[in-house]
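*Asks:* Letter by letter, the chains look like this.
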Amino acid sequence: MASLRTRGYSHYRWRTGQIAWLLHRLTGLALVLYVSMHIWVVSTLQLGEGTFEATMAVVQAPLFRFLEVGLLFCVIYHALNGLRLIAIDFFGATEKHVPLFWAVIILGGAAWIWGGSTMIGHALHQLEHGQAFFPF
Amino acid sequence: MLKMLARTGTGSGGSNAWVLQRISGLLLVVALFLHYLFLHFLNGGDVTWNEVTTRLASPLFKTIDLIFLVSVLFHAGQGLVINIHDYIHRPAPRVILVSLAWLLMIVLLITGTVTIVTLEPGFLQEMQMGQAAGVIDAIQSQGVAL
Amino acid sequence: MPKRTFKIFRFNPETDSKPSYKTYDVECEGWWTVLDALNEIKWFVDGTVTYRRSCRHGICGSCAMMINGKNDLACELQIKTLKGTITVDPLPGFEIYRDLAVNMDPFYAALKRVKPWLINNDPYPSKERIQSPEEFKLMGDSIACILCAACTSSCPSFWSDEQYLGPAALLKAYRYTFDTRDKGLGDRIDALDNKHGLWRCHKITNCYHACPKHLNPTEQISKLQRRIIEEKM
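Chains as they are written, first to last, in numbering that gives the first Met the number 0: chain A, 0 to 135; chain B, 0 to 145; chain C, 0 to 232.
Note that these hints are calculated values from the structure, not bench results. Keep in mind that a hint or two might mislead.
With a straight-line cut-off of 27 Å between C-alpha atoms, the simulated BS3-like cross-links for lysine-lysine are [to be verified]: (1) C:K194 / C:K111; (2) C:K114 / C:K182; (3) C:K21 / C:K82; (4) A:K95 / C:K222; (5) C:K2 / C:K21; (6) C:K111 / C:K231; (7) C:K17 / C:K6; (8) C:K212 / C:K111; (9) A:K95 / C:K69; (10) C:K41 / C:K17; (11) A:K95 / C:K136; (12) A:K95 / C:K21.
Please model the complete structure; the sequences and the hints are all you need to start from.
*Replies:* Structural data, given as structure tokens:
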């Protein structure tokens, strides 16, 4: 009988608010994983210039620059939707939550395209100069 | 009335965490925007040893980065706890998972704090006295690349 | 007389091992609601279809169901606003008694936990407790809730946590907290300031879109959250 309780996720029609919430949750979890790795990587600073530069050479390779475009999506979406949530929590914006979501997508999309293309530009620059795509 | 007074400030139900999640979130929107601007877009896309150590030598930047670190780890940890509370209801697994989440955050906090704090201001003095030849070379080569 | 196809969720725990859908083709009048069609099916086609209904004009809250993937009152939802095959499911998130009738106990238990009655232990005034029109407006639409459970059963936080108070109970708590004649926040605060209370609301807004009376639980829950934080400071 317990399984019959969960028909909501599979059968209820997904609307803007629920999609926004799911994406917020997924990007948040992705960011937790990323931040954990990032703090560990930056901590290699302590091990001296050599180790740091070696680590940086790996994580600034073209492969990672492309992965960072995905990371940028997570950061931008989570931040902007977070602002939308604050508008709902503190500024009574519930009735406008759908247009606000589109504002998040449009502004965020523009920022993502601008930032992402800069990153891809760096990657292509690196590839032109003979750097390997996979740094391993 | 007395019951209400007894409860003020306890924040035991989750109200404090809720507010702090929003405050840390706002802080992070600003901090991450600047973080990306200075470390990814305005510096030609490459993060170097010199840049980071020069910046982290300053107590001002150490403080800013520490506040940034604490905000990120609180926001991340609280985010994990929100998810755990949403889906895990039996006390035993819930308490274990929540403890693991905060344990991870504490480990990351220690790692990050040590990194930020142990970069010595002596590095800055060496630069000023022009005695670290390797540093001058590095700066010059960076200048050439620019 | 348009002919419409209805796919109705069927499950009898006493005889079925798992649920199924049964399809009925019904000659409908153009002005019919989903409830009219259900009645047609039950009275003239298949008497075993089980559902709750009473007033048939949108005030008792008995006939709330999930129709084409969205919660609504069957007696208010006109079939002409629905396209294609009309799929009728029970409210999600509740144990199913039979077909479209669900166990509403968790819903009523949540309501009871917020103490949905006026709490004021001051000595009775000689006349009624006066409330100005402006003070009355503070409660907003929260007084209009018909307790149909469309909102609570549309909430993913409720699906994942049966102990969560849900939008309807929280709306009721809002109604009394913002009633200027009420002094019971201290009695309600334990139920509200709780991991199964206010803080499970993540502004998913399914409740706002599901409410057949066009109430806005999300908005009122936000206001209640701010009120509780003010109390805590």
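*Asks:* State for each hint whether it applies.
*Replies:* Here's how the hints hold up against the structure:
1. C:K194 / C:K111: holds (17 Å)
2. C:K114 / C:K182: Holds: K114 (chain C) and K182 (chain C) sit about 12 Å apart, inside 27 Å.
3. C:K21 / C:K82: Since the Cα atoms of K21 (chain C) and K82 (chain C) sit roughly 18 Å apart, the hinted pair holds (cutoff 27 Å).
4. A:K95 / C:K222: holds (16 Å)
5. C:K2 / C:K21: Given pair K2 (chain C), K21 (chain C) holds - Cα atoms ~16 Å apart, limit 27 Å.
6. C:K111 / C:K231: holds (23 Å)
7. C:K17 / C:K6: Given that 27 Å is the threshold and the Cα spacing comes to 16 Å, the pair holds.
8. C:K212 / C:K111: This hinted pair holds, its Cα atoms lying about 22 Å apart.
9. A:K95 / C:K69: holds (20 Å)
10. C:K41 / C:K17: Answer holds: K41 (chain C) to K17 (chain C) is near 22 Å, not above 27 Å.
11. A:K95 / C:K136: Answer holds: K95 (chain A) to K136 (chain C) is near 21 Å, not above 27 Å.
12. A:K95 / C:K21: Violated, at about 39 Å.
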